[in-house]
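Protein chains in written order, with my numbering: chain A, 2 to 359; chain B, 1474 to 1901.
No wet-lab data here; the hints were simulated from the structure. For each residue, glycine too, the CB sits at the ideal point set by N, CA and C. Wrong hints could be hidden among the right ones.
[Claimed, not checked] Okay, the calculated beta carbon distance ranges per label pair:
#1 A:MET219 x B:GLN1678: 51 to 57 Å
#2 B:GLY1899 x A:ARG206: 56 to 62 Å
#3 B:ASN1770 x A:PHE344: 42 to 48 Å
#4 B:ASN1770 x A:ASN203: 57 to 63 Å
#5 B:ASP1774 x A:TRP345: 41 to 47 Å
#6 B:ALA1753 x A:PRO42: 52 to 58 Å
#7 B:SER1754 x A:ASN180: 46 to 52 Å
#8 B:THR1669 x A:PRO42: 49 to 55 Å
#9 B:GLY1535 x A:PRO100: 34 to 40 Å
#10 A:PHE21 x B:SER1682: 36 to 42 Å
#11 B:GLU1690 x A:TRP345: 58 to 64 Å
#12 B:PRO1881 x A:MET33: 53 to 59 Å
[Stated by the list, open to error] To spell it out: a stretch of chain B is covered by chain A in this simulated footprint if at least three of its residues, at any positions, have a beta carbon under 8 Å from a beta carbon of chain A; those stretches are:
#13 1536-1545
#14 1557-1569
#15 1665-1675
Residues per chain are reported as follows:
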Amino acid sequence: MFYREAGDFKTSYEADSQTFPIKFDRYRFWAMIAVAYLVIPFIINDYWANAILVPFLIYAIAAIGLNILTGYCGQVSLGTGGFMAVGAYAMYKLMTAFPDVSVVIHVILAGGITAVVGAAFGLPSLRIKGFYLAVATLAAQFFLVWLFNKVAWFYNYSASGQINAPERFVGGVAVIGPNTDAWAKYMICLVFVTVCAIIARNLTRGTMGRKWMAIRDMDIAAEIIGVNPLQAKLSAFAVSSFFIGISGALFFSVYLGAVEVGEAFGIQKSFLVLFMVIIGGLGSIFGSFAGAGFLVLLPVALKVIGVDLLGWPTDIVAHLQLVIIGALIMFFLIKEPHGLAQFWRIAKEKLRLWPFPY
Amino acid sequence: MKLKTLAAMALAGTLAAGPALAELVIPDLSYRTGPYAAGGTPVSDGYQDYFNMLNARDGGVGGEMFRIIECETGYNTEKGVECYESTKGEGALIYQPLSTGITYQLIPKVTADGIPLHTMGYGRTSAANGEVFNWVFNYPANYWDAASVMVNYLLDENGGSLDGKNIALVYHNSAYGKEPIRTLENLSAQYGFELTQLAVDHPGQEQKSQWLQIRRERPDYVLMWGWGVMNQVAVQEAANIGFPMENFIGNWWAGAEHDVIPAGDAANGYKSLNMNRIDASLPVFDDIRTLVHDAGNAAGDGSNIGTVLYTRGMYAAMLAAEAVATAQGIHGVAAITPAMMRDGMEALDITAARMEELGMANIGPEFSVSCQDHGGSGLGIVQQWDASAGAWVALTDYIAPDDAVTLPLIMEDSAAFAAENNIEAGCM
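Only chain A is shown next, with the shape it has when bound in the complex (with noise of 0.2 Å):
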C-alpha cells in the first residue's frame, strides 16, 4: 500500500536509474531531511548535540568510509582507528598552522591527507588477502597511534601530549571550541554528513563501485574481466581513508575538543566502527547510518532506563551494556548476517505488498 510501484511511471533512463527508485521511499528521504535540517537545529539542546546527535553522525561517517573498504570492497581494515588519528592530527597541525584558513578546507584537507596515508597502508592488500590482510591493518592502527604519541612535533610539543582545537568559525558562528552553540556543531555535522553520503552512494553505484564489488566477489574474475586490482583496491583504501580522515577531524574538532591518541583512537574505537559496519549492514550505505545509530544510542538509552529509571548502581548498568551489546551483536550474527539494513530490506519488500500479501 504505501510502496505502490503502480503508476510511478519512468520516462528516462535517469528516472529509471535514479537512488530512491520508488515514490514513497523520495517522499520519505526528503521529509528526513527536511526533520533534520529544517526542525532539529531549533530544537536541539547541548545533551543531545553532545551526548547523542554529534557522535551518532561523525561515527556515521566513520563507518560509511569503512563500509566502502570492508563492505564493498572486501577488505578487512582493523586500522580505522588509526585512520581516525591521521585525520585528527592533520586537523589539529592544519589548524594551528593556517588559523586564518576556514576549517571546512582543513576538514577537507584532512581527509586529503589521510587518504594518502591509507593509500600507502593499502599497498600490501596486492598481495595478501583476509586475515593477513587484517593483521596488517592492525599494525597501521599500533603504528599510528605510536608515531603520534613519540613524535612531539604532531601535537605541537604540549607538556601532556593532548592536542587541543582552538576556538574556531565558519561565517562568523563558532563552530569549534567551548562558546560553540549546540546547534552549530550539529550542523557542520549534518553537512558533512550528507554530503559525504551523497558522495559515497553515487561512487558506489558507478563504475568504481562496481569495480570495487568486482574484486570483493572474486578477485581473479575481476582481473580477467579487465578490472585493475592495483588500481580498484587503492582507490578503495584511499576514499575509505578520505572518508575516516573527515569523521577523525571531526570527532577531535567538533566533538570532543582535546585527544590523546591511545585513549581516543585506540584498537578500540576500530572496533567498534567495524561493529557498526557489521550490525548495520555489510555493503550499504543505509547500513552506515543504522549501525552508529545503534551503538551511539543503545548505551545511552541503557543507562537511562538502568540508572536514571530504574535506580540501579552505575557499575552494574555498566557491566550489563557489555553483555547486552555482545549479546546482540552474536544475535545479529547468527541472524541476519546482512544486518539492519537487511532488516529494513526485509520490511520494504513486506510492505509493498501489505495488505493483500500473496
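Starting from the known structure of chain A, arrange chain B on it as the hints suggest.
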C-alpha cells in the same frame, strides 16, 4: 481570561519548580568498571560516603542537603562528555572527574558554562595559575609538585647530590603520565642525574620490555606515574627482576593497598608519595560507619573505608564541602550557585585546627587558595609499604616542592594556553 489563568499557572509552576532545585548538587563522575576500576571505586566510595555522612549528621552544609548524581565514565573521555552534559543541567556545583583525559575535555567546557572544576593532584598542572584558569583548581598539589617532591626526597637520601645517578621514569603513556616529564628534565639538568623515560601503553598490563630494560640498565631509582592495573603489574615486574623495592617510588596515584597486595611479600619496601596521612582510626570514619554504612547507604560494598584511595576520595569531598561552607559565608545564602561555589573555592583556607574539628586531624597539609594560586601548597609525604603488617607507613613529614622549578613552568604553559585561546589573564 483563559490566557491569564494559563499564564498564572505557568508562573506558579516555575515558582514551584524553583525550590526543588535548591539543594547542593554534586555529580560524581566515577569509574567502577574497566582497567582503572581498582582505583576509581574506593575514591568514589569515599567521595559519596562523606557527603552522605554530612547529610545524615548535619543535614548537609548550612541547612542545605547534598544530592549526589553518580555517572559511570569508565575512564573514557566520550562517556565523560556524556556524563558532563547529562548532569550539568541539574545545577552541578563542582566536577571532580578523577581522570586527566576527561579534565582536558572539561577545562574549556566548564569555563564556558561557568562551573568550577577541581582536579585534586591530577589534571592540567598549569591550572594552578588561577589568573588564566579562572574555573579550574588543582589544590592541594599537582604533578610537577610531585616530581619535585620526589627529587627533593632523593636529594635528602643522597646527602644533597644526585650527580651521576641514573633515574628511570616508568609512566602511563597518556597525558597523565607525560605531565611530569618536563619538570624531571629540568631537574635532571639542574642536579646532574640522568633521566631514562619508559612509556607503558594503556592499560598497562604488558610491561615486560620496560622492566627488561631496567634490568639491563640498572638505574639507581625508578619513579612511576601509574594508575589502575598498571601499578600492580609494575610492582610485580619489579619484584620479578629483583629490583630493590626501596629504590622504587610511585606517585600518589601509584600507592594504594590494591597496588601492592597482589605481589605479596615481594612488594615489601615499595615507596610512594601521598598527599594524605593514612590513619584508619580517624573519628570521621566512625561517623561514616555508624551514620552511612550501618544505615545501609554505603556507596560501594563498604569494604574500602580507611584505605589510601578511600581517604583521598573523602578528602576531596571534604575540600568541596568546606568550599561550599566558605561560599555560603561569603554570599550569605545557603543555596549557592556554581559561580558562588567558585568564589568559595578561591577563598578556601584549610587549617590544622579545622581538620581536627572535622574529625580528620593531619589528613592533609595546611594550605590556602587565592586568585593567583589555584594550586595549594604542593606538599607531599613519602610512605612505604610494610607487607607483613599490610599497611603503609609514613616515612617523612610533608616535603615541600621546589617552587623555583615548577613556577616558571606553570607560567610558561599557562601563558601558552592563554595565547592559544585568547584569554586575558586576570582575576574574576
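Structure-inconsistent hints, enumerated in ascending order: 1, 9, 10
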